[in-house]
Amino acid sequence: MNFDLSHIPQRTSKPREAGLTMVMDKGLSLREAENLIESSDHLVDLVKLGFGTSLITKNLQEKIKLYQNAGIVVYLGGTLFEAFLIRGQFDDYRKLLNKLGIDTAEVSDGSIELNHNTKCELIHEMAKDFRTLSEVGSKEAGIIIHPNKWKNMMKAELEAGSWKVIAEARESGNVGIYRPNGSAHVSLISKILEVIPKDKILWEAPQKAQQVWFINQLGANVNLGNIAPNEMIPLETLRLGVRGDTFFNYLPERIDVNKVIAKAKNKK
Amino acid sequence: MNFDLSHIPQRTSKPREAGLTMVMDKGLSLREAENLIESSDHLVDLVKLGFGTSLITKNLQEKIKLYQNAGIVVYLGGTLFEAFLIRGQFDDYRKLLNKLGIDTAEVSDGSIELNHNTKCELIHEMAKDFRTLSEVGSKEAGIIIHPNKWKNMMKAELEAGSWKVIAEARESGNVGIYRPNGSAHVSLISKILEVIPKDKILWEAPQKAQQVWFINQLGANVNLGNIAPNEMIPLETLRLGVRGDTFFNYLPERIDVNKVIAKAKNKK
Amino acid sequence: MNFDLSHIPQRTSKPREAGLTMVMDKGLSLREAENLIESSDHLVDLVKLGFGTSLITKNLQEKIKLYQNAGIVVYLGGTLFEAFLIRGQFDDYRKLLNKLGIDTAEVSDGSIELNHNTKCELIHEMAKDFRTLSEVGSKEAGIIIHPNKWKNMMKAELEAGSWKVIAEARESGNVGIYRPNGSAHVSLISKILEVIPKDKILWEAPQKAQQVWFINQLGANVNLGNIAPNEMIPLETLRLGVRGDTFFNYLPERIDVNKVIAKAKNKK
Numbered sequence: 231m232n233f234d235l236s237h238i239p240q241r242t243s244k245p246r247e248a249g250l251t252m253v254m255d256k257g258l259s260l261r262e263a264e265n266l267i268e269s270s271d272h273l274v275d276l277v278k279l280g281f282g283t284s285l286i287t288k289n290l291q292e293k294i295k296l297y298q299n300a301g302i303v304v305y306l307g308g309t310l311f312e313a314f315l316i317r318g319q320f321d322d323y324r325k326l327l328n329k330l331g332i333d334t335a336e337v338s339d340g341s342i343e344l345n346h347n348t349k350c351e352l353i354h355e356m357a358k359d360f361r362t363l364s365e366v367g368s369k370e371a372g373i374i375i376h377p378n379k380w381k382n383m384m385k386a387e388l389e390a391g392s393w394k395v396i397a398e399a400r401e402s403g404n405v406g407i408y409r410p411n412g413s414a415h416v417s418l419i420s421k422i423l424e425v426i427p428k429d430k431i432l433w434e435a436p437q438k439a440q441q442v443w444f445i446n447q448l449g450a451n452v453n454l455g456n457i458a459p460n461e462m463i464p465l466e467t468l469r470l471g472v473r474g475d476t477f478f479n480y481l482p483e484r485i486d487v488n489k490v491i492a493k494a495k496n497k498k
Numbered sequence: 231m232n233f234d235l236s237h238i239p240q241r242t243s244k245p246r247e248a249g250l251t252m253v254m255d256k257g258l259s260l261r262e263a264e265n266l267i268e269s270s271d272h273l274v275d276l277v278k279l280g281f282g283t284s285l286i287t288k289n290l291q292e293k294i295k296l297y298q299n300a301g302i303v304v305y306l307g308g309t310l311f312e313a314f315l316i317r318g319q320f321d322d323y324r325k326l327l328n329k330l331g332i333d334t335a336e337v338s339d340g341s342i343e344l345n346h347n348t349k350c351e352l353i354h355e356m357a358k359d360f361r362t363l364s365e366v367g368s369k370e371a372g373i374i375i376h377p378n379k380w381k382n383m384m385k386a387e388l389e390a391g392s393w394k395v396i397a398e399a400r401e402s403g404n405v406g407i408y409r410p411n412g413s414a415h416v417s418l419i420s421k422i423l424e425v426i427p428k429d430k431i432l433w434e435a436p437q438k439a440q441q442v443w444f445i446n447q448l449g450a451n452v453n454l455g456n457i458a459p460n461e462m463i464p465l466e467t468l469r470l471g472v473r474g475d476t477f478f479n480y481l482p483e484r485i486d487v488n489k490v491i492a493k494a495k496n497k498k
Numbered sequence: 231m232n233f234d235l236s237h238i239p240q241r242t243s244k245p246r247e248a249g250l251t252m253v254m255d256k257g258l259s260l261r262e263a264e265n266l267i268e269s270s271d272h273l274v275d276l277v278k279l280g281f282g283t284s285l286i287t288k289n290l291q292e293k294i295k296l297y298q299n300a301g302i303v304v305y306l307g308g309t310l311f312e313a314f315l316i317r318g319q320f321d322d323y324r325k326l327l328n329k330l331g332i333d334t335a336e337v338s339d340g341s342i343e344l345n346h347n348t349k350c351e352l353i354h355e356m357a358k359d360f361r362t363l364s365e366v367g368s369k370e371a372g373i374i375i376h377p378n379k380w381k382n383m384m385k386a387e388l389e390a391g392s393w394k395v396i397a398e399a400r401e402s403g404n405v406g407i408y409r410p411n412g413s414a415h416v417s418l419i420s421k422i423l424e425v426i427p428k429d430k431i432l433w434e435a436p437q438k439a440q441q442v443w444f445i446n447q448l449g450a451n452v453n454l455g456n457i458a459p460n461e462m463i464p465l466e467t468l469r470l471g472v473r474g475d476t477f478f479n480y481l482p483e484r485i486d487v488n489k490v491i492a493k494a495k496n497k498k
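Residue numbers (my numbering), protein chains in the order written: chain A, 231 to 498; chain B, 231 to 498; chain C, 231 to 498.
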């Protein structure tokens, strides 16, 4: 921190198990990746090379190394995993990760319909060689999954070997755990939290209001993902209570600033 | 491409006549232009220096050279053409392009009311010296042009010498070929396509849903414009079917991923 | 300017008292700050390090120097001032500004409830040592302040020593002087302007439609703030009338482009 301010919450530090932030890189150039690292390497835990962008981004290998050397975990978006899977290229996918020197993988079924047992087998298989995140929730708008199903799937995926389970929202933030207007499915989320430890879930929260909602509900050290590169620092100010929306989160209740000022005056 | 994946559509390669992508540069610095080139020079065909931004952007000449050296065609936004025209400075405009070493021009009437014959004469005049794009459609919200008029204007402008005709949408994507909410004017577009060959049209499509709509209708090699620099790579993943929204476009019908996996298992 | 165009309004030049533009920096890296300076140092008057981002942005001191060396005034967002104030750390705040070599400060009460007399005392106190901007308006949606109260507060704050008063809108542009949908509170703004000289007000206007509205009402040299870095050049094109929305602002009334062209032809 650049200066001292009282009543700032304790943040976990890297490598984190809670309070993770995952950034969505959807095709940054090397220099743009360096910009992110320069301003935020202490804040970013994971970078996801979103959907199939790794197929066409130039200097891919150099970018992966750049992130890893800055202590940031890199992985490829789940949609690419699904693209390999549906083409019968599962083995190619694992070879690709090894070739790229990537130690983390996402197993998802946001675009395809996968038997859940098969998904768990795939997680189990991947988890032997990779730190594996798995994602629950469809990418399609209007698909409603029953809260019990969410809970059971997340539980089974963690048992199958997932390091964290990701709650789907897309880059846009209007499916999965959110309504089409972007507001949180409150009852769904609280039912999930009855069963799954909160530190085991990474919530995709691309919109600011969604980040605020989760921080207000679950505290500064909630795991959040799909953050745009230029929203990293603003997100951290939300976590720390130095932005309007979370300003009072760590202050004593009913603090009256006028009395604080009067008191300071009297002291002089 | 960084790795092999089956069922990826064949993309045209530069210099393209179809499958063009036009990026809107609304004041990038030299280094930001280099970032775009580094990540996407193989994908970007045209860069438009949007509206009148070229009037005030520093290092304009250097930026134009930078793009041209990377094999990217640069031109100035149509609004600037109109700004010269309405001031009686048409000759100054042509001198400016020559001075800047720009070989491509846009003739438009999005902000002014121009007799269509006069517009076609201007296209004819410009086309003698420059690769000329012309744009159809008003920038004003709520202005409805009859589909027959769209067809006739586009036809006449191509005959007058336009290389491609641009269908107007603005940076915001809510006028011209789109409704105020950004959704496509489906019947207008299909009527245009009855008469005008699709490769002769460059559709402005700044919003992701608009890009998806055109790719789903007209395939991976549709001409799209007004793309934001950081949306170039995501757009290419849509074209290639490695993003959720176009995931199944090039896959065999009714493919069952569970059967694909079972089959792969049995092989072992 | 890169070339000559008639009927372009006279812009003030730096250091400006009117026609100011304030950019919101919410965590730019050093190189991103350099990009902004390269493309726009002649256009940017003020950079606000938004809310509490200065607490965690790396290379803070270097970035401040970078801006200052480019002739840009830097200050810290008002929310951070309030964060110090409510913690009884007002003196620490002034020490911090001195340590950072910052000569400008914002006094605001967007997140806290401050007696207005106390606020004016704080302005008076700060104005002894710093160029002081003060902000009027709550950050909370749905809070309506009576126009008379706006006028009186702005008047009193200027009398207390504010260099300019800022009309609150947040980064999102949907509170304070705007309705929740982002449109301007027209009657509120005109009532404010009955009493407060327009050059003494800095209007936060993060959305393009808001920038257009103020330029159309108050001219090219209106003071505007909370501009995103990549909207600096587009905003200047709005001011200069070389973008669709302000295209006719400085042209003679009822100009007919067809006649202009015909006239030019006849001359030859």
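None of these hints come from the bench; they were simulated from the model.
There may be inaccurate statements among the hints.
A pair counts as met if it fits within one copy or between any two copies, since identical chains are not told apart.
[Unchecked claim] Mimicking DSSO-like on lysine-lysine, the simulated pairs with C-alpha atoms at most 30 Å apart in a straight line are:
| no. | residue 1 | residue 2 |
| --- | --- | --- |
| 1 | K379 | K244 |
| 2 | K385 | K438 |
| 3 | K379 | K358 |
| 4 | K288 | K493 |
| 5 | K489 | K428 |
| 6 | K244 | K288 |
| 7 | K381 | K288 |
All figures in this text were calculated on a predicted structure; none of them were measured in a lab.
Comparing the hints with the structure gives:
1. K379 <-> K244: Neither way: K379 and K244 sit 33 Å apart in one copy and 49 Å across, limit 30 Å.
2. K385 <-> K438: The answer is within: 28 Å in one copy meets 30 Å, while 34 Å across copies does not.
3. K379 <-> K358: within (26 Å within a copy, 63 Å between copies)
4. K288 <-> K493: neither (60 Å within a copy, 34 Å between copies)
5. K489 <-> K428: neither (38 Å within a copy, 35 Å between copies)
6. K244 <-> K288: both (29 Å within a copy, 16 Å between copies)
7. K381 <-> K288: Classified as neither: same-chain Cα gap 39 Å, cross-chain 40 Å, threshold 30 Å.
The structure does not agree with the numbered hints 1, 4, 5, 7 stated previously, though it agrees with the rest.
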